[in-house]
Amino acid sequence: MVYEKLKSELTGQYQRAWDSFGMLVLDVSLEQLLPLVNRLKDDFSFDLLLDITAVDYPERELRFDLVYHLFSSESRKRIRLKLCIAEDESQVPTVTRLYGSANYLEREVHEMYGVRFADNDDLRPILLYEGFEGHPLRKDYPMDLEQPLVDYRK
Amino acid sequence: MDYKSPVSSPLEHTADPNHVVVNVGPSHPATHGTIQVIAELDGETVIKADVHCGYLHRGFEKEAEHHTYHKVIPYTDRLNYCSALNNNFAYAETVEKLLGVELTPRCIWLRTLLSEYNRLADHVCCLAATVMELGAMTAFLYMMTIRDYIFEHLNHLTGARLTYSYVRIGGLANDLPEGWLERLEEILKFYEDYIERIHGLLDRNRIFIDRTRGVGAMTPEHALNWGYTGPILRSTGLDIDLRKDSPYLAYDQLEFDVPVGIQGDNYDRYYVRMREMDESVSMIRQCMKQLPGGPVSVANPGVTLPAKDKVYTQIHSLIHHFKLVSDGVKVPSGEVYTAHEAPNGELGFYLVSDGGSRPYKLHVRSPSFAHMGGMHTLLEGYQLADIIATFGSMNMIGGECDR
Amino acid sequence: MAMMEFVTTRKDELIGWVRKFSIFPYPFVTACCGMEFMSVASTLYDTDRFGAALPRFTPRQSDLLMVVGTITHKEAPVIKKVYDQMAEPKWVMAFGACATSGGFYRNYSVVQGIDKVIPVDIYIPGCPPRPEMVIDAIMKLQDKIAGERHPILPFEEQNPAKT
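Protein chains in written order, with this note's numbering: chain A, 1 to 154; chain B, 155 to 557; chain C, 558 to 720.
It is worth saying that the hints were derived from the structure and are not from the lab. Among the hints, a few may not be true.
Stated by the list, open to error - Listed next, the in silico DSS-like pairs over lysine-lysine satisfying Cα-Cα at most 27 Å (straight line):
{"id": "1", "chain 1": "B", "residue 1": "K158", "chain 2": "C", "residue 2": "K637"}
{"id": "2", "chain 1": "C", "residue 1": "K697", "chain 2": "C", "residue 2": "K673"}
{"id": "3", "chain 1": "B", "residue 1": "K158", "chain 2": "C", "residue 2": "K638"}
{"id": "4", "chain 1": "A", "residue 1": "K41", "chain 2": "B", "residue 2": "K398"}
{"id": "5", "chain 1": "A", "residue 1": "K5", "chain 2": "B", "residue 2": "K398"}
{"id": "6", "chain 1": "A", "residue 1": "K82", "chain 2": "A", "residue 2": "K139"}
{"id": "7", "chain 1": "A", "residue 1": "K139", "chain 2": "A", "residue 2": "K41"}
{"id": "8", "chain 1": "A", "residue 1": "K5", "chain 2": "A", "residue 2": "K41"}
{"id": "9", "chain 1": "B", "residue 1": "K251", "chain 2": "A", "residue 2": "K82"}
{"id": "10", "chain 1": "A", "residue 1": "K41", "chain 2": "A", "residue 2": "K7"}
{"id": "11", "chain 1": "A", "residue 1": "K7", "chain 2": "B", "residue 2": "K251"}
{"id": "12", "chain 1": "B", "residue 1": "K251", "chain 2": "B", "residue 2": "K398"}
{"id": "13", "chain 1": "C", "residue 1": "K697", "chain 2": "C", "residue 2": "K637"}
{"id": "14", "chain 1": "B", "residue 1": "K158", "chain 2": "A", "residue 2": "K7"}
{"id": "15", "chain 1": "B", "residue 1": "K251", "chain 2": "A", "residue 2": "K139"}
{"id": "16", "chain 1": "A", "residue 1": "K82", "chain 2": "A", "residue 2": "K41"}
{"id": "17", "chain 1": "A", "residue 1": "K139", "chain 2": "B", "residue 2": "K225"}
{"id": "18", "chain 1": "B", "residue 1": "K158", "chain 2": "C", "residue 2": "K647"}
Unchecked claim - Covered stretches of chain A, as calculated for chain B (at least 3 residues, CB under 8 Å):
{"id": "19", "region": "13 to 27"}
{"id": "20", "region": "47 to 56"}
{"id": "21", "region": "75 to 82"}
{"id": "22", "region": "98 to 105"}
{"id": "23", "region": "131 to 138"}
All C-beta atoms, glycine included, are put in the ideal place defined by N, C-alpha and C.
All chains, full assembly: derive it from the sequences and hints.
Right, here's the structure in full:
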């Protein structure tokens with residue numbers, strides 16, 4: 001019932017709603033993302049940001065699919081938000097003002113895929129190191145391209 | 155010799171010149187792995203802390219995109235290596251959901267039993283490491299003995315002590331051997347005897363309470379904002395538990411309580427874990443009584459390997475075996491997110507498939523990574539020695555945090 | 558002359574005997590093998606009986622660097638620094654498949670074996686190795702330490718020791 005309530009009250013703020021194995025998925029566009037997340041957090045108590053990740057489709061024009069997973073502590077339900085962005089999109093809104101956990105998650109998406117989040121000025125590499133060039137989880141980064149920090153012996 | 159530093163911290167530039175910037179480096183004796191904390195100290199008090207993880211990033215997601223579904227199973231073992239079976243089962247359930255495979259009842263109950271058994275092992279390991287750093291060597295050695303008996307027992311079942319890879323898509327690798335359940339009962343009795351001694355050593359110990367009460371405390375709103383789940387969230391007072399809210403496997407047929415804490419400090423986290431271990435033991439006993447018979451893997455030839463004697467005698471079993479091993483299981487295209495209640499929190503797998511035999515994208519929502527994101531808020535304002543205590547009670551497992 | 562050689566070989570044996578039974582390990586624990594290391598150091602499989610129990614968590618005071626677990630490229634400068642900070646005599650043990658050769662990770666972030674970065678004396682295979690294998694490795698390392706030559710007199714320099 002929670003999902004029905006969500007779908008009916010939020011019509012117009014998302015593009016498409018569908019069901020994925022028992023979880024509601026909302027497809028949104030770039031401008032609809034931040035108002036929708038605000039609305040979900042304030043009115044429907046989706047106060048735990050579980051995860052931010054991205055999927056790479058190199059042959060598409062809008063190359064990346066950003067995926068957000070949210071959890072509501074009141075109704076104990078999860079929801080997924082998906083949006084498509086281009087490779088050099090620079091106006092992806094950041095949700096670090098709303099959720100503290102978004103810090104690490106956005107840093108990871110940035111260094112793995114190269115997605116820039118506007119207003120987030122702390123996009124240092126987190127799982128990789130300073131001096132690593134390239135974005136490893138893109139499909140065109142070869143798996144064994146190593147960039148060693150220490151010179152090898154012999 | 156010039157060493158390139160792999161991280162850069164803004165603290166080097168923004169710190170007050172009267173304060174000392176100290177590096178609690180990636181190789182430190184809190185044996186839970188590689189985390190670097192760059193802390194700005196004023197005397198003994200931590201003013202600001204900067205937590206750097208990523209020293210164990212082993213490229214799990216990139217490896218998963220290049221291997222078939224069965225070959226990914228050993229990689230999932232090494233995520234949360236203290237309780238490898240939980241990761242295995244969460245991953246297998248994700249793939250099975252996309253495939254649309256129904257598990258046999260014996261498999262479901264066995265998976266529940268083994269999940270709880272591994273939860274026991276993980277909590278024992280976490281508490282052992284935490285109290286060792288506070289100086290309680292006796293409790294550490296007692297808990298290591300329990301853990302070793304559990305490892306040997308699981309070695310009898312799966313063939314390995316630590317990284318089992320016991321699950322297969324659609325079932326398990328093999329059924330229980332003779333005498334396994336009797337030995338399980340012996341280990342549970344042994345566990346209860348030892349845990350009584352540890353309760354006596356630590357629960358009302360003046361030094362332990364002074365070191366852990368009030369340290370690293372957080373409110374439920376703070377915990378939700380920074381992404382905490384699992385025993386840490388439950389120690390703040392909320393009873394959010396995936397096994398009760400959206401039950402998976404056989405949890406809806408088991409009776410158990412969800413322990414919650416009061417203040418969300420280190421002592422509460424220790425006590426919530428001790429109570430959860432007792433609940434796990436009672437759940438294991440219920441599973442042992444209600445374990446049904448029957449086959450352990452589903453009989454779907456597109457998913458399960460056929461029995462070895464048939465492979466050597468019948469030609470179509472041989473062909474099945476060959477296709478399954480070389481090409482792998484073919485999963486229809488779609489996407490799914492499944493979450494399990496791992497001993498650390500909510501462990502989720504997000505799988506995107508394009509219809510082939512390799513995942514297009516496999517993402518792990520790991521609890522330890524989110525916990526590390528909020529950890530600097532728990533260190534600021536406390537003393538340098540409290541970093542070790544708080545860090546131990548977070549149970550950060552390096553393999554899970556950095557994947 | 559033969560008397561001198563008798564004395565110097567006995568001296569080498571004495572130094573080897575003293576060193577092999579008082580190893581101070583520095584467990585550089587990173588990953589899953591760390592759990593097996595904790596098991597080895599505990600009561601059921603004990604390293605204390607070999608004299609190698611007390612871990613010195615500082616490189617200045619230890620002689621055996623046990624690299625336990627996967628070393629990634631981000632961690633490599635750290636391990637090089639720790640190795641350089643140790644004082645002679647020092648030995649390195651590569652514990653586990655990931656430290657020996659990168660394990661089954663062949664990608665952009667794992668160093669394919671720590672002997673690309675520091676010299677290694679003994680390798681332990683296994684993922685993770687059983688505690689008995691670790692004890693076997695410690696005993697083999699003890700044999701290696703006992704067999705080293707320590708030339709201090711001029712006539713010993715003819716066959717310089719490879720420490």
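Next item on the list: Take a quick look at whether K41 of chain A and K398 of chain B sit within 27 Å of each other, Cα to Cα.
Entry: holds, 23 Å
Next item on the list: Mind checking the alpha carbons of K158 of chain B and K7 of chain A for me, to see if they're no more than 27 Å apart?
Entry: violated, 52 Å
Check: Given the hint that K158 of chain B pairs with K647 of chain C, does the C-alpha gap stay at or below 27 Å?
Finding: Since the Cα atoms of K158 of chain B and K647 of chain C sit roughly 24 Å apart, the hinted pair holds (cutoff 27 Å).
Note to self: Please verify whether K5 of chain A and K41 of chain A have alpha carbons no more than 27 Å apart.
What the structure shows: At roughly 15 Å apart (the allowed maximum being 27 Å), K41 of chain A and K5 of chain A satisfy the hint.
Check: Is the straight-line distance between the alpha-carbon of K158 of chain B and that of K637 of chain C 27 Å or less?
Finding: The hint holds at about 11 Å.
Margin query: What's the verdict on K158 of chain B and K638 of chain C, does the C-alpha distance respect the 27 Å limit or exceed it?
Written below: holds, 10 Å
Checklist line | K139 of chain A paired with K41 of chain A [C-alpha distance capped at 27 Å] | finding: violated, 34 Å
Notebook entry, point to check: Does K7 of chain A pair with K251 of chain B here, judged by a C-alpha cut-off of 27 Å?
Noted result: Given that 27 Å is the threshold and the Cα spacing comes to 24 Å, the pair holds.
Check: Is the hinted pair K41 of chain A and K7 of chain A satisfied, with a Cα-Cα distance of at most 27 Å?
Finding: holds, 15 Å
Note to self: Please verify whether K5 of chain A and K398 of chain B have alpha carbons no more than 27 Å apart.
What the structure shows: holds, 23 Å
Note to self: K251 of chain B and K139 of chain A were given as a pair; does the straight-line alpha-carbon distance stay at or below 27 Å?
What the structure shows: With a Cα-Cα distance of about 25 Å, the restraint between K251 of chain B and K139 of chain A holds, given a limit of 27 Å.
Check: the region 98 to 105 of chain A covered by chain B? Criterion: 3 or more residues, Cβ-Cβ distance below 8 Å.
Finding: holds (count 6)
In the structure shown, a violation is registered for the earlier hints numbered 7 and 14, in ascending order.
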